[in-house]
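Protein chains: 2
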Amino acid sequence: MTTRNVSRFWEWGKKIICVGRNYADHAKELMNAIPKDPVLFLKTPSAYLTEGSPILIPKYSNNLHHEIELGVVIGKGGTSISQSSAMDHVAGYALCLDMTARDIQDDCKSKGLPWTLAKAFDTSCPISEFIPKEKIPDPGNVKIWLKVNDQMRQHGCTSEMIFSIPFLISYISEIISLEEGDLILTGTPKGVSAVQVHDELHAGIDDVVSMTFKVDKLKQ
Amino acid sequence: MTTRNVSRFWEWGKKIICVGRNYADHAKELMNAIPKDPVLFLKTPSAYLTEGSPILIPKYSNNLHHEIELGVVIGKGGTSISQSSAMDHVAGYALCLDMTARDIQDDCKSKGLPWTLAKAFDTSCPISEFIPKEKIPDPGNVKIWLKVNDQMRQHGCTSEMIFSIPFLISYISEIISLEEGDLILTGTPKGVSAVQVHDELHAGIDDVVSMTFKVDKLKQ
Ligand SMILES: [Mg+2]
Ligand SMILES: [Mg+2]
Ligand SMILES: [Mg+2]
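Same order as they appear, the protein sequences are chains A and B.
The UniProt record's numbering applies: residue 1 is where the first sequence begins, and numbers increase by one.
The UniProt record's numbering applies: residue 1 is where the second sequence begins, and numbers increase by one.
Hint data in this document are derived by calculation from the structure and do not stem from the laboratory.
One or more hints might be untrue.
Unchecked claim - Think about it this way: if two alpha-carbon atoms lie no more than 30 Å apart in a straight line, the pair counts; the simulated BS3-like pairs of lysine-lysine are:
(1) A/Lys111 to B/Lys190
(2) B/Lys28 to B/Lys59
(3) B/Lys14 to B/Lys59
(4) A/Lys147 to A/Lys59
(5) B/Lys109 to A/Lys109
(6) A/Lys133 to B/Lys14
(7) B/Lys36 to B/Lys111
(8) A/Lys219 to B/Lys76
(9) A/Lys59 to B/Lys14
(10) B/Lys217 to A/Lys14
(11) A/Lys109 to B/Lys111
With the sequences and hints as input, model every part of the structure.
So, in structure tokens, the structure goes:
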């Protein structure tokens, strides 16, 4: 195996594990109960999108939402990782968008169907450049924000998370073994809303990273 | 990149895309409607299990079910693949088990939650050896069977599928780009039932492949 560079995890990482409803204010805005355990769902690596390429609205959705989230990049894999050692398994972070076809998700929820079409379509996981671990000394106190066409839509702090990053790593790794290059999306603060063709999404963590993505329609 | 061997797709493939309710008799036995579109859900590659290692019952489930399925291994990736060219993208097949925590899945369905805990836990995707494409000249007419402790539990034919393999490849690739090494699980015929610790699952496609897995409890 050639040496893999974790700062380009999206090229070879195998998993994107997402946590839903991890900020109480966001759970409330979607009329969801505060979860007792983390709500987990999956995207696949074909959902990754890096700056320069557009977010594409799936043909089957009329209500594509932005969810700005802190992503945790796994550096060292493991199973049943303890909370106390969880941070040793982190290589770094990425600012991420969990693009969500809300109309489809609502339909799936009401029918008891899996969320795949709502969450895992191509371009559903735009990401920033890799953020080395040292650049975020306290991942439990990171302010993330998202503007759409220069209007602030989401701003929150990871201190508002219901389940902390070490808890999530430990919880997930009991069920699904983690591997180097895996990404965990840690949930979104309130303020999710629909995007339209030609919108410009600009997001950041002050003094750490910023990213910009355009929205386009899936051609065909 | 070193050359990857598709006959060991489970070591480096990035996606497992599963189709639910693709056999009418199975949809009926779980009291589900016959779907108008394929029902898609995801496992992650950490779910792969090859012969010699046991299927582990998750600690949170008291009703782990077997679902025997034909898996399609992608050889050539693509987006929006046409049905007429779909078979050109197939490298081969694997006989697969979609192990399902049915109690958890029922709970997720009733609460509108994603199926991750029911479907994507470690060891939830036992697979046979790789079956080269030439060994299955007509994938639309393959008999698959599963015995538990020498009792026949499932036997079906891919001719009973609601959505054919070329249709599934085309449908999925419109939403989620396919890549070399990806696996598509094509659904299970009727006869799903619970497994217990020490059960032996023996499955096959006559004259093509067979596989055996023991069931164990997750230790801890
Ligand atoms: Mg995956
Ligand atoms: Mg989210
Ligand atoms: Mg199945």
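So, going through the hints one by one against the coordinates:
no.	hint	result
1	A/Lys111 to B/Lys190	holds, 22 Å
2	B/Lys28 to B/Lys59	holds, 28 Å
3	B/Lys14 to B/Lys59	holds, 26 Å
4	A/Lys147 to A/Lys59	holds, 24 Å
5	B/Lys109 to A/Lys109	holds, 8 Å
6	A/Lys133 to B/Lys14	holds, 25 Å
7	B/Lys36 to B/Lys111	holds, 22 Å
8	A/Lys219 to B/Lys76	holds, 22 Å
9	A/Lys59 to B/Lys14	holds, 25 Å
10	B/Lys217 to A/Lys14	holds, 26 Å
11	A/Lys109 to B/Lys111	holds, 7 Å
Going down the numbered hints, you'll see the structure goes against none, and every one checks out.
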